[in-house]
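Asker: Spelled out from the first residue to the last, the chains are:
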Amino acid sequence: MNPRLELRDISKRYPGVVANDQVSLSVMPGEIHAVLGENGAGKSTLMKIIYGAIGADEGEMVFDGTPIAAHGPAVSRALGIEMVYQHFALFESVSVVENIALCVSGPFDLAGLSVQVRDVSEKYGLPIDPHRLVHDLSVGERQRVEIVRCLLQDPKLLILDEPTSVLTPQAVAKLFETLRQLASEGCSLLYISHKLDEVQALCDTATVLRNGRVTGTAEPKKSTPTKLARMMVGADLPETHHGKAITSGKPKLSVKGLMTSADDQFGIGLKNISFDVFGGEIVGIAGVSGNGQAELVSCLSGETPTKTAHVITLDGADVGQMDAGHRRRLGLAFVPEERLGRGAVPPHHLSDNAMLTGHRLGMVKNGMINRGAANAYASDIMQKYNVKANGHEAVASSLSGGNLQKFIVGREIELAPHVLIVSQPTWGVDVGAAAFVRQALIDLSRSGAAVLVVSEELDELFEICDRLLVICQGEISPSVDRADTDVEEIGLLMTGLNTPSSVAPSGGISR
Amino acid sequence: MSLQIERRAEPSSLMRVAAPLIATLLTLVVSSIMFALIGHNPLDTLFAFFVAPLLSMNGLSEWLLKASPLILIACGLAIGFRANVWNIGAEGQLVVGAIAASGVGLFYPDPESPLLLPLMFLAGMAGGMAWAAVPAFLRARMNTNEILVTLMMTYIATLLLSLLVHGPWRDPDGFNYPQTALLPNAAMFSYFDATYRLNTSIFITVIAVVAMWFFTERSFFGYKMSVGGAAPLAARYAGFKESGSVWLGLLISGGVAGIAGMAEASGPLGQLSAQISPGYGFAAIIVAFIGRLNAFGIVLGGLLLSLLYLGGEAVQLSMGLPSAVTSIFQGMLLFFLLASDFLIFYRIGRPVAAQGGT
Amino acid sequence: MIKSTRRDFLKYSAAAGAALGTAGLSNLALADEVLKVGAVYVSPISEIGWTKQHSLGVDAIKAAMGNKVEVTTIDSIFKPQDAERVFREMASNGNKLIFGTSFSHGTPMQKVAPRFPKVAFEHCSGIRHMKNLGTFEAKYFEGTYVAGVAAGHMSKSAKIGFIGGFPIPDIVGPANALLLGAQSVNPDMTCSVIFLNSWFDPGKEKEAANTLISQGCDIICSMTDTATGVQVAGEKGAWSIGYASDMAKFGNGKHLTAFTLDWSSVYVSAAKAVAAGTWKTSERWQGLADGVVTMSPLNSALPADAVAQVTKAQKDIVAGTLHPFAGEIKDQAGKVRAAAGATLSTGDIRGINWFVNGVVGKLG
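Protein chains in written order, with the numbering used here: chain H, 720 to 1230; chain E, 2 to 359; chain S, 4 to 367.
Treat the hints as calculated values from the structure; they're not laboratory data.
All of these numbers come straight from a predicted model, not from anything done at the bench.
Just so you know, even glycine gets a beta-carbon here, dropped at the ideal spot from N, CA and C.
Misleading hints may appear alongside valid ones.
From the structure, some residues in chain H lie toward chain E, with a derived Cβ separation under 10 Å [claimed, not checked]:
| no. | residue |
| --- | --- |
| 1 | V891 |
| 2 | K1026 |
| 3 | H1029 |
| 4 | D1037 |
| 5 | M1041 |
| 6 | L1059 |
| 7 | D1071 |
| 8 | L1075 |
| 9 | L1080 |
| 10 | M1082 |
| 11 | I1088 |
| 12 | G1091 |
| 13 | N1094 |
| 14 | S1116 |
Make a model of the complete structure from these sequences and hints.
Answerer: Structural data, given as structure tokens:
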């Protein structure tokens, strides 16, 4: 039998970096094939080459025994290659079926299409109402829309780019069932991930990439996480070390009865949120994205000042009405979820970006910039946090997501804040660096700072946090000690099924 | 074979230099064809356009005289543009600056006072700033679109000028023609040489260029403004206030345009007339973008645009080319220049090479 | 650094008066050399209009002097800053005779002329003349008076609409004469005046013409550099009076007549005088008698008695027996500006800044 897809010596170079270096792999019909690698290993580039979104510099692609000549997304669709992107491209204000109609070829027949959508979604256990508006859907449901869209094309090869990053543990299990069913029908799957446990649970074969090269193939089910990780990272994974949390007597960050109204129809209003974070501890906020995290974090950082001052206190001072700069002067630092355009200015050099929040550290004198100090600060972060970039002159947009994340996290930690708020601390960061970032957060907290981590990755929260809160539909659960809970319980809280309505989410959560 | 466009990971520094050269080359090729088609020797025409105007002292003087206000205004505009503050109304601010300065020049009790010129300078700057303060206030307080407001304010300024020169300020001996009396000598910038029109107001431009470079590259406020322009969310994240950028961006560009208006009245015009500005306020927008919003780029852009005007006249005079053809040529060069910027951020290459195992 | 000398021209103009009548610029004689002549136009040369008529004057020089003359022209020079540069450029490039064709060229020419004492400058619409800067102008008001006679016959509403570029005497005077001509036929005639503050703004001009017609004006006369007024009148069924060129073909059959300009004699005589070394500065103000102002053929719809009266007015003006500004003339306020039996002086006409009784509108 011919392989469904065979890549032979695919290479792709960008100025200063080789994204793919003679990558070869082969996927059989019905095979679930993992492409495993750290961020920046070249996985996304490879998938875009397969889909035809970008061209390879060298190499050959063979599909069902036939070499692909002039490639492109249109060719892919004709061949039956479909791709589910990590970030969905859906129009929020129109219905599911209208979104799908925009992507499928053929006559524009909404009625017929909605019947098809229903059939496919029932067949694969992806329940979805074709007439609902996309903005009403949860993230998991939106992913279903994307998958259904692909399935309607009768794909022979389905590419999934980090599909679980937005899902609850329960939804992940459900997704895997669907994918297994698809594979059993002969569809080949390329599954891109850096999560070893998922790959081991789902995939038949794994091709591991590091620095753009194939470092090995494995059968994940027969391998161990350590072996896979070594192939990915090229070394053994570091472990994080916790000291004992010695907390301050008074909370460093305190939220009391924070309420906001949703500023648009797709937003979430915060409902009477209260919690404290003490110096010396890390508190995690878990939740499926879109449940109010963005709104909460923006209130805490000062980007959206609140109506009354006393709902947020920082070291005892009422800061609710202060802007971000003001709060930073009081010792707050913050790593936002969006790296480009919020945490960093895309067209600016790294040294300019170091200055964005680091300017307080002697980089400005009499209104004039001290370039040397900014450069030194940037270089220092790059070295300490192992940021791979073309020197401090590199522009932020040229860095891979993980490297930029390390840079921003490093910049904020090096400010030596009293309170650090971090959204998605290791989002898109490779395994090795993620461990480093986590350790840095722990070290910061153990030096006396209060650290609040908002993350969708439960593993991460369990690894570093001392206490956990769950946010769902703009409400926050009572805090639980990490030692007293497990993934299953938190996962249920995240879906909102287990929100104990008897427990008033107001006040009294401090320990 | 089709071509594919790809975004570059990092803006190409080679192309930063090469793009203007490519643009120039394309302009030369296309314009040569155009000149040849209408029966003029391309080489002679290009020589007359770009070289001949600069071969005399008078030509050089005129070149700088015209480039100076363009560069001056563009420096101010670029500071705002870097912060996404889109002052399109420098023309109006120039006019109001000229009005304010001429008002002082015409009505100051002592027309021989050595203070007259400095006072006019301050009046011109204040006039331009006041005119820009209106859109600044509206944008900072009420989030009004400053593009529209500054543009509309330009119409008001032009009409205000018209009102004054047709009415109360009209030269009583001027046969009703809409212009004021001539400004006194003390209200005029000195010439370097009476034979040529270039005057000492060029020093204002020189200072402005250096100040702009310093402000954008070295000052923390300039840095904060550029953050606000490139990534407004990042500015909010860092706690930089937008309203500061709006006020500063508009006041600087307005003040500088007002000074340029004053320098026209106290320079080549010598009076206030209904036609105070040959469109400098609008042309400076082009200069700012040709110069990539960078101080020294703007100098080059201003010199280029000024040369295009002079060259356009020169080929009419020496080759008898119609003014429409010179306008096409000027438009073509600007188009190629701005379009070739694309090459800095994108590259064009062959699509997929994934074929044939050779 | 040398202090400004831009006011030198004031001294020169004072001296110019004294110099008048004395020898011309005889040192400009060129013997057998080719004479270089420059002309600066204020707008592009189009099919009709002000600049077109000047270009015909330049053509007349070429026709008259053949290969003894070399002509350089430049168009679309309006702003004073640009004009001064162009005049300098032309003077330093060896042109011995340079024409400026717009009032706005005046100040620049007055600044440049003293620097090039061996170059003869001729300024159309000019007011101030100097030793080497002559001025020439047409008596437009003679043309508008004759056209006004025709208008007085044809207007049913007794309302004329007049559109002017700028409220300068050379426009204000003709507007007054247009109404005086019409009132010579029908004393009840009035004239509404709108100024565009531009010589070339077809959009604004169209708006102005429409406004005037909607106010009841059934005669439109437009002293700008376009045929827009004539066109709009033709479309709306109003009569029109053309200016500078014969605009009959734009009038949709409603073009009454046009007072046209023929500068050939001025251009040719100046060029010949410079070539011969006999040019000297002068102030010319010429009208129907000199052929600088001419009337284009009358519309065939005019009744015979109207044609007779129009023709008579024209003949009488040429003969000097009729003066458009002969008293009694009252201004808008009713003040007598010229008593019965008197006429306005040349100075009064060239500096006129008031409207005659019956004009609706204000100066600027």
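Asker: Run through the hints listed earlier and report the numbers of any the structure violates, in increasing order.
Answerer: 1, 2, 3, 4, 9, 12, 13
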